[in-house]
Structures are given as structure tokens and as C-alpha cells.
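Q: Protein chains in written order, with this note's numbering: chain V, 59 to 397; chain P, 29 to 400.
No lab work stands behind these hints, which were simulated from the structure alone. Predicted model, so just to flag it, every value in this text is computed and none were measured. Just so you know, not all the hints are guaranteed correct.
[Unchecked claim] Per the computed footprint, the stretches of chain V lying under chain P, defined by three or more beta-carbons under 8 Å from a beta-carbon of chain P, are:
#, region
1, 200-209
2, 217-228
[What the hints assert, rightly or not] Ranges between beta-carbon positions, derived for each pair:
#, chain 1, residue 1, chain 2, residue 2, range
3, V, Leu86, P, Leu339, 54 to 60 Å
4, P, Tyr56, V, Glu282, 30 to 36 Å
5, P, Leu339, V, Met368, 44 to 50 Å
6, P, Leu376, V, Thr382, 36 to 42 Å
7, P, Pro362, V, Ala263, 41 to 47 Å
8, V, Asn283, P, Phe384, 30 to 36 Å
Yeah, the Cβ is synthetic: ideal placement off N, Cα and C, and Gly gets one too.
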Amino acid sequence: MTDTNASFPARVTAGFDRFGGVLWLPVLLAIVALLLIGQPSTWATLTIAGLAMGMMIFLMASGLSLIFGLMDVLNFGHSAFVTAGAFIGATVLAWLGFWVTGSNPALNVMGLLIAITVATVFGALAGWFFERVVIRPVYQDHLRQILITVGALIVAEELVLLVWGGAPIPVPRPAALTGSFVLGGVSVEIYRIFAFLLGLAVYIAMYLVLNRTRLGLLIRAGVENREMVEALGFRIDRLFILVFMAGSALAAMGGAMWAGYQGLITAAIGSEMMILVFIVVIIGGLGSIQGSLLGAILVGLMANYVAFLMPKMALASNMLLMMTILLWRPYGLLPAVKR
Amino acid sequence: MLQASASGTSARKAGRTRGHQGGRFVVYALVGLIGLALALAPFLFPDVRSQEVAARICVFIVLVASYDLLIGYTGIVSFAHTMFFGMGAYGTAIALKSMGPGFEAILIGGGAGIIAALVLALLIGLLSLRVKAIFFAMVTLAAASVMMVLASQLSDFTGGEDGITYSIPRLFSPAFELLTDAEGKALRLFGVPLNGKIALYYFVFITALVLFLALLRIVASPLGSVLQAIRENEMRAEAIGYRVVFYRTAIFCIAAGVAACAGILRAVWLKYTGPEVVLSFDIMIDILLMVVIGGMGTMLGAVIGVVLMTLAQYYLKDLMAVGAEATASLPIVPDLLNPERWLLWLGLCFILLVYFFPAGIAGTMMGKGGHK
Chain V
59 MTDTNASFPA
69 RVTAGFDRFG
79 GVLWLPVLLA
89 IVALLLIGQP
99 STWATLTIAG
109 LAMGMMIFLM
119 ASGLSLIFGL
129 MDVLNFGHSA
139 FVTAGAFIGA
149 TVLAWLGFWV
159 TGSNPALNVM
169 GLLIAITVAT
179 VFGALAGWFF
189 ERVVIRPVYQ
199 DHLRQILITV
209 GALIVAEELV
219 LLVWGGAPIP
229 VPRPAALTGS
239 FVLGGVSVEI
249 YRIFAFLLGL
259 AVYIAMYLVL
269 NRTRLGLLIR
279 AGVENREMVE
289 ALGFRIDRLF
299 ILVFMAGSAL
309 AAMGGAMWAG
319 YQGLITAAIG
329 SEMMILVFIV
339 VIIGGLGSIQ
349 GSLLGAILVG
359 LMANYVAFLM
369 PKMALASNML
379 LMMTILLWRP
389 YGLLPAVKR
Chain P
29 MLQASASGTS
39 ARKAGRTRGH
49 QGGRFVVYAL
59 VGLIGLALAL
69 APFLFPDVRS
79 QEVAARICVF
89 IVLVASYDLL
99 IGYTGIVSFA
109 HTMFFGMGAY
119 GTAIALKSMG
129 PGFEAILIGG
139 GAGIIAALVL
149 ALLIGLLSLR
159 VKAIFFAMVT
169 LAAASVMMVL
179 ASQLSDFTGG
189 EDGITYSIPR
199 LFSPAFELLT
209 DAEGKALRLF
219 GVPLNGKIAL
229 YYFVFITALV
239 LFLALLRIVA
249 SPLGSVLQAI
259 RENEMRAEAI
269 GYRVVFYRTA
279 IFCIAAGVAA
289 CAGILRAVWL
299 KYTGPEVVLS
309 FDIMIDILLM
319 VVIGGMGTML
329 GAVIGVVLMT
339 LAQYYLKDLM
349 AVGAEATASL
359 PIVPDLLNPE
369 RWLLWLGLCF
379 ILLVYFFPAG
389 IAGTMMGKGG
399 HK
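Use the sequences and the hints to build the structure in full.
A: Have a look at this one:
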């Protein structure tokens with residue numbers, strides 16, 4: 059799509075965009091929160107928590123966003139991968155036993171990485187199966203896609219209940235990653251730092267793949283204009299399976315990370331996160347990784363600040379954020395597709 | 029989006045319609061039979077559980093039919109239908125709790141619920157119906173979950189997770205006698221005492237019937253044709269001169285209002301309102317399953333879908349419990365047949381149905397494919 063399709067507000071804010079534009083929104087939000095909260099140490103703790111949460115949500119949201127951007131497939135069953143990742147991560151952590159709970163930090167971190175890897179690999183395999191069996195027959199048909207993926211979500215949730223039961227399951231958190239340290243009067247939870255770094259690493263990896271490789275070029279071109287890429291002779295449906303598997307794997311990874319963060323998980327974990335994930339995808343704009351990151355950080359910060367300032371408004375605040383941004387930019391902040 | 033296969037559909041539809049006179053008749057007969065059974069339910073099935081099932085069916089027919097307006101006739105996927113249902117129910121419940129049992133409480137509380145639902149629907153509609161269908165689905169999902177959180181957190185008004193229990197007008201209580209015989213007891217008709225419970229059932233039944241007929245009238249009106257035009261080809265509808273956003277918002281508001289009415293009925297019948305019975309996402313899934321099983325865009329399909337699903341919900345679970353007990357010695361089978369896992373089977377059936385009979389039961393029999 060060309061600039062002629064840019065919506066009116068987009069044109070008005072063109073000058074504003076030249077100075078980084080919407081990328082400053084999280085900073086703006088943080089400054090407003092600092093003024094409202096008043097105590098810099100509390101504010102710093104909340105900001106770190108918000109960034110960590112945002113990174114975990116980003117893991118879950120980026121896959122959904124890319125899947126939609128590339129193939130116009132909206133996967134309402136995405137949260138099933140989050141749930142599965144959380145439960146598999148928790149199970150593997152429990153299996154590893156003393157690796158995780160012992161006092162050797164190297165083994166601790168290894169244990170967590172193994173758990174996350176197993177969850178991620180499972181997510182990729184489940185994603186392959188899901189794409190092949192559930193989504194393939196209903197390409198190009200949004201209504202049936204929504205219905206089928208909702209049906210698959212029901213089945214997947216029931217399967218999780220069948221395997222793990224309905225009672226909440228405790229997640230053993232690696233000993234080296236529990237607790238916190240104090241830095242300049244600010245207490246920082248180690249797990250949050252870990253989550254933030256992992257999220258950042260995934261973002262950088264995705265950014266490099268999308269912007270520096272041929273595969274990434276094809277994916278971006280496919281998001282921009284699928285027919286054209288197909289006309290040039292590329293099998294975009296094969297590309298799509300890859301993206302779908304990667305997206306599902308990321309969702310499972312995010313689920314496993316989130317399970318470790320929460321410490322206690324139920325089968326509802328996926329659907330609880332899904333609301334935030336949808337809000338992130340809508341805020342960020344479909345099909346864009348940068349948008350997902352921006353949206354996820356905004357949502358993570360907002361959730362933590364508001365939970366401190368007005369606990370009852372936590373979820374509603376993100377809803378309001380979404381409403382405001384939709385009013386301002388109907389396609390999200392940094393959309394890759396304007397269809 | 030949906031227009032891709034529209035031309036193919038119309039050709040196929042024309043070819044199929046002639047061969048489906050018989051099927052059409054079967055559907056009409058089935059719906060007529062269900063209507064008759066519901067009309068005479070207190071006398072045909074006097075036990076308490078069947079009464080419960082019959083009243084639930086009545087309420088859900090209205091709810092699902094109003095949802096069919098959106099998903100079947102207009103091609104809008106909304107996940108906020110239970111939110112409007114809940115607003116009607118909570119409005120009534122809060123008014124009955126604070127003003128005491130009386131018709132004015134139902135009228136004021138229910139009215140407030142309906143108005144709140146209409147205003148919210150208007151806001152959501154104007155805000156997000158102009159963008160992609162998929163955005164709309166996500167926005168409604170987010171809105172519905174926020175409403176769920178609000179209902180459980182504003183516990184001063186809504187009773188939180190526990191919900192609200194209240195009493196309803198005396199006319200509807202089992203102790204009230206509609207007609208008395210010589211001894212001053214409730215007069216019996218076919219062995220069923222004519223007490224307030226019957227009055228309550230008929231209040232629910234008749235209101236539901238009126239609402240359902242109103243919905244039938246809407247889809248048969250010019251408005252209904254415009255909606256179908258929008259569903260089939262949004263651009264063409266816009267080009268002919270229909271303001272798509274206006275019509276979509278209007279029908280979203282109508283559906284929301286009707287859902288709120290269904291919520292009032294539910295609240296009055298149950299004498300209890302809580303997140304589990306009116307707001308939970310499970311109910312949204314139920315509605316979705318019912319409308320797809322019955323047949324999207326047929327209205328009559330709503331009736332069939334609701335009856336099938338509700339009967340399955342109440343009686344299939346019993347059957348599964350029997351099956352689980354009978355197979356208790358086998359390894360995995362009893363777990364799979366555990367009554368709590370019934371959604372698993374339903375989900376599988378649902379996926380297969382969407383693959384092979386996307387038009388649903390009524391749609392397939394009447395040869396009136398909702399979409400494809």
C-alpha cells in the first residue's frame with residue numbers, strides 16, 4: 059500500500075513521527091507515572107516489573123501478529139500454545155528436581171533453559187500440527203477461521219485439563235533466579251531481569267532474521283503483498299508454516315516464562331494472558347514486530363503502574379489504553395499492513 | 029474476506045434450493061414441535077429439572093437468535109454477547125435486591141440494563157466496526173473480559189464472585205395460587221398445581237416468544253436484506269449507497285438490546301445472578317456452538333441448536349457418567365468419558381461440523397447455506 063492510503067491522523071502526525079513518534083510513548087507513560095507515584099524507588103521497581111512483563115507478553119504477541127500479517131489468519135487458539143508451554147515448562151522443571159532447586163547456579167539456569175527449550179520445541183511441533191490439520195482447510199475464510207480456532211482452543215484446553223487436572227500446579231522456580239538484589243535503593247527481582255533479557259534477545263534475533271536474511275525479506279514482502287510474492291514464484295504457504303511454527307513456539311516460550319514468573323498455574327493461564335496479547339496486537343498494529351514490542355511494553359508498564367495506583371482498574375486501564383489508541387490510530391501504532 | 033466465494037455460493041444456492049423443499053418442511057415441523065413442547069412444558073414435564081431445562085431453552089433461544097443477527101445475517105463476529113446478557117441480568121438483579129421484589133424493580137433495573145447495553149454497544153460499534161472484522165472480534169473479546177473483571181471486583185454492587193441472590197415478585201413464587209379450588213388450595217390442571225411457578229414460566233415463555241418473533245420480523249424486513257447484502261459483499265453494499273457502518277452499528281445495538289432482555293428473563297427465572305451464570309466465557313462459547321450447530325443465518329437454526337445443546341448439556345453428562353462407570357476398569361477411557369470432559373467431545377464435533385457442514389443443521393436441511 060502506498061501513502062495515498064494513509065489515514066488522516068497519520069498525515070497530521072507525520073511531523074511528529076520524524077522525531078521518533080510513537081516510540082516515545084512508553085517513556086511518556088513512565089514520566090507521567092513517576093509524577094503520579096512520587097517515590098522514585100517504587101517507580102523503578104514497578105518500571106522493571108512492567109518491562110519484564112511486557113517482554114513476556116511480547117513473546118506471546120509477536121507470533122500472533124506475524125501469523126496474521128503474513129497469511130491473514132487470526133488464530134484464536136493461540137492461547138492454547140501459551141497454556142501448553144506453561145504446563146510443559148512446569149512439568150519439566152518438576153522432573154529436573156535438584157537441578158532446579160539445588161544450589162548450583164549453573165545447573166539452575168540450565169534447568170530453566172531446558173524447560174523453556176522443551177516447551178518451545180513442543181510449541182513448534184504443535185504449531186505444525188495445528189496449521190496442517192486445523193487451519194489449512196479454512197484459508198481465506200475469516201469467519202470459519204475464528205470458529206475453528208475457537209473450537210480447537212476448547213479441545214486443547216480440555217486436553218490440558220485431562221492431562222494435568224484442574225487443580226493449580228506449583229512451578230518450582232530455579233533457586234538462582236529467585237530473590238532479589240538491591241541496587242541504589244531499588245530492589246530488583248532477578249527473574250524479571252532474566253525475563254527482560256530473554257525477551258530482548260528474542261526480539262533482536264527476530265529483528266535480525268527479518269531484516270538481514272533472505273527468509274526475512276520474503277516474510278516481510280509476504281506481509282506487504284502476498285499475491286505479488288506468489289506471482290514472483292515463491293511458495294508462500296511453505297513460508298507460512300515456518301512462521302506459524304515459530305509463532306507457536308514463541309507463544310509456548312512466553313507461557314513457560316510466565317509460568318515461572320507466576321509460580322502457580324491453572325489451565326486458564328492462556329486465556330487470561332490472551333486478553334493482554336490481543337490488546338498488544340491491536341495497539342501495536344497487525345503484522346509488525348516493532349509494533350508488538352511497543353504495544354507489549356506499553357501494556358506491561360500500564361498494568362504495573364495502575365495495579366499500584368488503582369488496583370481495581372488494572373485490566374480496565376489497558377482496555378482504555380486500547381480504546382484511546384484505536385481512536386487515534388485505527389490500525390494501531392506501527393502497522394505493517396494497511397488492509 | 030467473505031466476498032471471495034459469494035458468487036460461487038449464489039450459483040450453488042440456486043441449484044440446491046429446489047431439492048430442499050422437504051428439508052425445509054422438516055425444519056419448520058421440528059421448530060413447530062419444539063415451540064409446542066415449550067408452550068406446554070409445565071404440563072408435559074412437570075418435574076423441577078425439566079422446568080429448569082425448558083426455561084433455559086426459552087432464554088437461550090432469544091439470546092442465540094439475537095447473536096445470529098450478528099454472526100449469521102451480518103457477518104460480524106462478536107465475543108461480547110454475554111456482556112450484554114449480563115448487563116440486563118445484573119441491572120434487574122441489583123434493582124430487585126435494593127428496591128425489593130416488585131415489577132417496578134424489574135422494569136427500572138431491566139430498563140437501566142438495556143439502556144446501558146445499548147449505549148455500550150453504540151460506543152463499541154462506532155469505535156471499532158469501521159475497521160476489520162477481525163479487529164472487532166478482538167475488541168469485543170477484550171471488552172467482555174474487562175466487564176467480567178469489573179463484575180467480580182465491584183463486589184459492593186455485584187456481589188463479586190458470589191453473585192446476588194434476591195426475591196422476585198410474589199406473583200411468581202410457588203406459594204402464590206393463580207386459581208384456587210373450593211378448599212382454598214391451588215387449582216390443579218392435568219395434575220399440575222396452577223401456582224406462581226407456572227406464571228413465572230409463562231412470563232419467561234411469552235416474553236421469549238415475542239422477542240423471537242420480533243427478531244424474525246427484523247430479518248424479514250428491508251433492514252434484514254441490507255444486512256445480508258453487507259455480509260455477502262460489503263464494498264458493493266457501500267457502493268449502492270448503504271452506509272455500512274451505520275447498519276452494522278444499528279444491528280449491533282439491536283442485538284445487544286435483545287440480549288439484555290434475555291438477561292432480564294434469566295435473572296427473574298433464576299432468582300440469582302452471578303458471573304458464572306450470565307457473564308462467563310463458557311456461555312459465550314455455548315452461544316457460538318449453538319448458533320453454528322443450528323445453522324448461521326437461519327434464525328430457526330437457533331431454536332434447533334439451543335435445544336440440542338441444552339439437552340446435551342443436561343442429559344449427555346449423565347450418559348457420560350454412566351459410560352465412565354462402565355469402563356472404569358480400562359486405562360484411559362473413563363477419563364475421556366468423565367462428564368467434566370464433555371466439552372472436549374463437543375469441541376471435536378464442532379470442528380468437524382464447521383469443516384463439513386458449515387451451514388449447520390437447519391442451514392443444510394433447508395439448503396440455505398449461511399455463508400459457504
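Q: Look at each hint and say if it fits the structure.
A: Against the structure, the hints:
1. For the region 200-209 of chain V, the stated coverage by chain P is satisfied: 8 residues place a CB nearer than 8 Å to a CB of that chain, which reaches the threshold of 3.
2. Check on the region 217-228 of chain V: 4 of its residues sit with their Cβ under 8 Å from a Cβ of chain P, so the three-residue criterion for coverage holds.
3. Between Leu86/V and Leu339/P the beta carbon distance is about 55 Å. The supplied range of 54 to 60 Å therefore holds.
4. At about 50 Å, the CB distance of Tyr56/P to Glu282/V disagrees with the hint of 30 to 36 Å.
5. Remark: the range hint 44 to 50 Å for Leu339/P to Met368/V is upheld by a beta-carbon distance near 45 Å.
6. Against the hinted window of 36 to 42 Å, the Cβ-Cβ separation of Leu376/P and Thr382/V comes to about 41 Å, which satisfies the hint.
7. For the pair Pro362/P and Ala263/V, the supplied restraint of 41 to 47 Å holds, since their beta-carbon distance comes to about 45 Å.
8. In this structure the hint that Asn283/V and Phe384/P lie 30 to 36 Å apart at CB holds, the actual value being about 33 Å.
In terms of the numbered hints stated before, the structure departs from hint 4 and from no other.
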